[in-house]
Amino acid sequence: MPPKDSKITHAELVKKLDLQSRKSFIGDKFFKGLVIGASVYTLCMVALVFFALADGSVPIFMKEGINFVIGTDWNAVEGRESFGALPYIIGTLVSSTIAMAIAVPISIGIAIFITEMMKNKLGTILSFIVELLAAVPSIIYGLWGLFVFRFWIRDYIEEPLHNTLGDFSLFAQAPFGLDVFTAGIILAIMIIPIITAVSREVIKAIPHSQKEAAYALGATRWEMIKTAILPSSKTGLMGATFLGLGRAIGETMLVTLVIGNAIGLAAIPTSLFSQSQTLSSIIANEFNEASNDLHLSALIGLGLVLFVITIFINVAAIYIISKVSKSYSNLRE
Amino acid sequence: MIKDNRTKDYKSIIQERVAKNSFKRKVFNNFMTVLLFVFVIIAIIPLASILFEVFKNGVGALSFEFLFSPPGAFGSGEGGIGPAIQGTLIVVGLASLIGAPVGVLAGVYLSEYSSSSRSFAYFLRLFNDVLTGIPSIVIGITGYIALVLTLGSFSIMAGAFVLSIIMIPIIARVSEETLKLVPNTLREAAYGLGLPKWKVVWHIVIKGSKSGISTGIVLAVSRVAGETAPLIMTILGTSLFFSGFNSPVDALPLRIWRLASQPYPEAHEQGWGAALVLILLILALSVALRMFAQKRSTFKSTT
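First to last, the protein sequences are chains A and B.
When you read off a place in the first sequence, starting at 1, and then add 987, the result is the number in our numbering.
When you read off a place in the second sequence, starting at 1, and then add 6, the result is the number in our numbering.
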């Protein structure tokens, strides 16, 4: 409460302050403009990506129509051009499915191990090592896959599987080392740190009271994990999985080096050990050698298909994760 | 007595069963602990193998000539990766010049200005996450259409532009999170001294979380330094040194890819050498990041 007799000085003060604030008003406006400009620039980048892809793929959709998405032919020879993306869509889905089947249980296991079983120094070191995996560039995974891992997997996993279970069509093809199976496994290695990082946050966010309740009922540690952690973090873990899936689908370089780069109908994998091709790997392989504008447009069209698939997956992941963080804040209250 | 015996019987049976059951549960508990530990080992083996192989195969290629001279004739195994190292430094440096200010300012908006317009902030956050998820090769195609086709040649500018698009969402996300850690009391104290908003944001909030923001920038730099796919369609790769902003350059990841695709063992050895240089660069950045991150937690303790 200002004293009543200071009315005049109060008004003067307001005037003075007003003058000063008018000076800083310009600074404020300028800075706010700068900040909003940067935000709008970010929004524009997403729009630019979409419009550039849409614009670049007009010629191929004009020529092939829906056949571009469901066709299986891939021929860039002048006069006999025919482009179908289906084999590469299938190749992408198969390689990332293999990757997810391996990566999801392992990463969730690691996240649980680090947050619940190793709360000491060793846990911090382990999580640092797993984070380091995320820092290795994918081209180096590819190099390692092409010159080292390929032979391990051919000699120790694929050969035995082929020799014992070769009657099943899944393992029928003679293993070569550069195939959809190898690509899937290396993709799994690459996305493990991503899924682990998000899963760790999700598991950490579970209220302690849940875990204590399980312990109080006499649960062993594993039973606590099974009854208190896994059910209440189910959706969050699913969000983490989707993020990993988005990454696996878009990954280019390591896949290009190890998947065998088949073309057209041959790129549809008939067994675990068959050569294949993904959307991103065929773009990387052929972009600089595109023989004509239609071929280039077809590759850009593949980029558009890839873009649409990853947008769907990522938006699903974002939606799931945002829903989870809301439900946790409800739980806490 | 008979009654007593009977109850004793039940008791012992139950006890036996409980003991048996709890033994099973304990064993299963230990089994799962071991299994999860094995998962951790499974994740670590590839990392160990990658680092080991890169060092083992790459050390032999390293030499003064390898680091500073341009590549020799195709498949000869002569020459080096000088232009690639130079190109990576230039392209990543230019990308940071675009990406870092935009990313930090977008983060500032999300943390400091978003309360005025919630729906815009919501869309910005959503689009930021979407941008993070777009495959780098798709962003590369965008750069090809937007810059390479319009300017008429593969160029450093196009490469820097696409890498900056990859950096922005990473930096914005980390900046937003670190700026939010600045305690509100600090902001209120600054407002209380009569500072206008932009001075509060610049001198108190941004300068106060300098280490956190640098963490974000370093994270983004180490991420794009290893990017290959978007560079294929923007800087193309060449065996020459830098010759103007409007011409193609080389980059380390690109050189590794080209060398690995050649059928000559000499080229493969050079590829391992280039991989060693790249991995040392990125590991150095990651260690620096780790040190920044430890400093970063100062604000958490004060809130």
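Careful, some of the hints might be misleading.
As the list claims (entries may be wrong) - Derived DSS-like pairs: lysine-lysine, alpha-carbon spacing no greater than 27 Å straight-line: (1) Lys26/B <-> Lys1213/A; (2) Lys205/B <-> Lys1016/A; (3) Lys1106/A <-> Lys32/B; (4) Lys1002/A <-> Lys203/B; (5) Lys1019/A <-> Lys216/B; (6) Lys1003/A <-> Lys203/B; (7) Lys1310/A <-> Lys186/B; (8) Lys1310/A <-> Lys1198/A; (9) Lys1019/A <-> Lys186/B; (10) Lys1213/A <-> Lys213/B; (11) Lys30/B <-> Lys1213/A; (12) Lys1016/A <-> Lys30/B; (13) Lys186/B <-> Lys1191/A; (14) Lys17/B <-> Lys32/B; (15) Lys203/B <-> Lys1016/A; (16) Lys1213/A <-> Lys1198/A; (17) Lys1310/A <-> Lys1213/A; (18) Lys205/B <-> Lys1198/A; (19) Lys32/B <-> Lys1019/A.
What the hints assert, rightly or not - Derived CB-CB ranges, DEER-like: (20) Asn36/B <-> Pro1092/A: 15 to 23 Å; (21) Ala1121/A <-> Lys213/B: 45 to 53 Å; (22) Phe37/B <-> Leu1252/A: 56 to 64 Å; (23) Pro271/B <-> Asn1279/A: 30 to 38 Å; (24) Trp1139/A <-> Val293/B: 26 to 34 Å; (25) Leu41/B <-> Asp1154/A: 29 to 37 Å.
To be verified - To spell it out: a stretch of chain A is covered by chain B in this simulated footprint if at least three of its residues, at any positions, have a beta carbon under 8 Å from a beta carbon of chain B; those stretches are: (26) 1126–1135; (27) 1160–1167; (28) 1263–1276; (29) 1293–1303.
Quick caveat, the hints were computed from the structure, so don't treat them as lab data.
Beta carbons: idealized from backbone N, C-alpha and C, even for Gly.
Violations among the numbered hints, reported as their numbers in ascending order: 10, 12, 18, 19, 21, 22 and 27
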